[in-house]
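From first to last, the protein sequence lines are chains S and R.
Just so you know, the working numbering puts 112 at position 112 of the first sequence, and the rest follows in order with no gaps.
Just so you know, the working numbering puts 120 at position 120 of the second sequence, and the rest follows in order with no gaps.
Hints are computed from structural coordinates only; laboratory data are not their basis.
Not one of these hints is a red herring.
The calculated lysine-lysine pairs, modelled on DSBU-like cross-linking and capped at a C-alpha distance of 30 Å, are:
hint	chain 1	residue 1	chain 2	residue 2
1	S	K129	S	K158
2	R	K367	R	K350
3	S	K129	R	K350
4	S	K86	S	K129
5	S	K158	R	K350
6	S	K86	S	K126
7	R	K245	R	K418
8	R	K288	R	K277
9	R	K277	R	K245
10	R	K369	S	K158
11	R	K71	R	K418
12	S	K126	S	K158
13	R	K427	R	K71
14	S	K126	R	K350
15	S	K158	R	K367
16	S	K126	S	K44
17	S	K44	R	K350
18	S	K158	S	K44
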Amino acid sequence: MSTDKAIRRRDFIRAAAALGVGGALWKAAAPASGATVWQIDPQKCVQCGRCATECVLNPSAVKCVHSYQICGYCDLCGGYLQPSAKARTTGAENELCPMSAISRTFIEDPFFQYIIDESLCVGCGKCVKGCALFGNSSLYLQVKQDLCVHCNECAIAKACPGDAYRRIPAEEAYLLKTRTEGGNAQE
Amino acid sequence: MKLLKTLTPVLAAAALFGGVAWAEFRFPMPEFQSGYTYPEMHTPMPGRTNDLWDTVLLAAALGLAAWLVLKRRSRPAVFGLTLCSLAYFGFWRQGCICPVGSMQNVAEGILGVEVVSIAVLSFFLLPLIFALFFGRVFCAAVCPLGAIQEVVAVRPVMLPRAVDRVLGFVPYIYLALTILAVSTGSGYLICRYDPFVGFFRLGASLNMFLAGGVLLLTGLFIGRPYCRFLCPYGVLLGWMSRFSKWHASITPRECIQCRLCENACPYGAINIPTPDKTPLTAKEGARKLGVLLALTPILIAIGALTGLFSYPMLARIHPTVQLASRIAGEEAGRYQGMTIESEAFRAGVKTQDELYAEAHAIRADFKWKTALCGAFLGLVIAVTLASLSMAGCRDDYETDRRACVSCARCFPYCPVEKDEVAVAEQKT
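So here's chain S without its partners, still in its complex pose (with noise of 0.2 Å):
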């Protein structure tokens, strides 16, 4: 008799576990979605330059995406030339980019085209913060989905200045500057 008293309580409190269990589950799964991932909202960057330092990859994950659609097409390029440089030219001591990762070329009267190389950017931020103090800042970093490794913690988020780090919904897995009607920039 007391065996059995004493499997039907043992019974009771595993159940009472898995009830408990299954409610934490119930609860933390009520507003539940897909996958998400990790993105950097372009508002909030402040360009210190950490993605490339504290990605766990080497090269980071982050790169640096250009949105033709609001570039100036500019001669005299912020995100391209340096502050000093001599002359606009694809020389490279007048390049920003550490890397050379950026390349120019000429469209037409007075137009050029900047492409960024992706297996050349290292994420520094150089030529984001160029842009964005003498451009349209249409250069801007963004966590490259495919080599992202999606740690559960984001080195980077963590050591982010700006707290621009944040998981958005694997299915819209980027936060890109578009034009709208009115010319504004937006996400």
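Chain S is already provided as a structure; the job is to place chain R on it using the hints.
Then chain R, alone, in the frame of chain S:
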């Protein structure tokens, strides 16, 4: 500066025409005559996040581990599965996401801070549910953190029971701190101080490499130091395993008290028989229970008070509190120069008063939450004391269901098992 000079007229012109609606748009977007089209932006979608495939694999590995431990009773097979898990969940998946860390996501989900995906939730729940039915088979052969330590445990020595018990209290502290950090938005402590993920990824800060290296070196002689004396998820698994329906037993049939398994467990999870102990009389039992019941609220109160007094120290793990104290220090002239954080703050729109108010609110939040943590730890001490003093009488060598990681190391020590195998062989 030369550049700025060149730019000034352009800026002035742009401002004059009033075409700038957004502060960033200094230059008008060109209207191309040459039929130029914008290049495509390269925005690849995530290749592999924590998807269903990993959940299925985890469930399969747990099922296989349970079968190998409880039915096959084969130490080599369990060890083989351990190696496979180390290779896949450790080195291939780079140790993320793991059930140990997933408890933080789930805690955030319960607090409503973050949405938790089904995959993360199942990573958290599956090992717990398996522990509820089969014991800690997850620790035995699936967890990559456990696996790397299982591999290096080549010459483990047994720790004195008392040392084991005292160090075994640390995971509870770690658990409380983890939940505290998550609930206050201070980040994921388990992930930040994961000692082995650096090896899996072949990259970490020097300090974490050193910590991992020290733990692995310790693990040569003291079995599974992280699992036993740090892992906060192990606490939850222990609670589940304590009430598990089935559990690995040292002997497949009846214990013959041969004492051969006495030193078999490097993790201190074998309870030795207590034949001399006589059961407590009702009067003694009642007195003991009374003392424990009186002691419990006192211990909880002491814990809560400790929390109330130590919260300013703990609040410093929150980045906003750190920033506020840095800014206050800079204003008072205690620091030279600025950090990247303080520079970013000063460039932003938030005022210092707002920052201080925010930090103050966070500290207040820490105050009662730290007190709660202290109370929890007091309760843990009380329950531990109760379980120590109320321990029942045992006639056989048994596994300590809470601490046993079901690694099957003790199985080959049992002569009953060998006898059984020999009989089976004779029959065939």
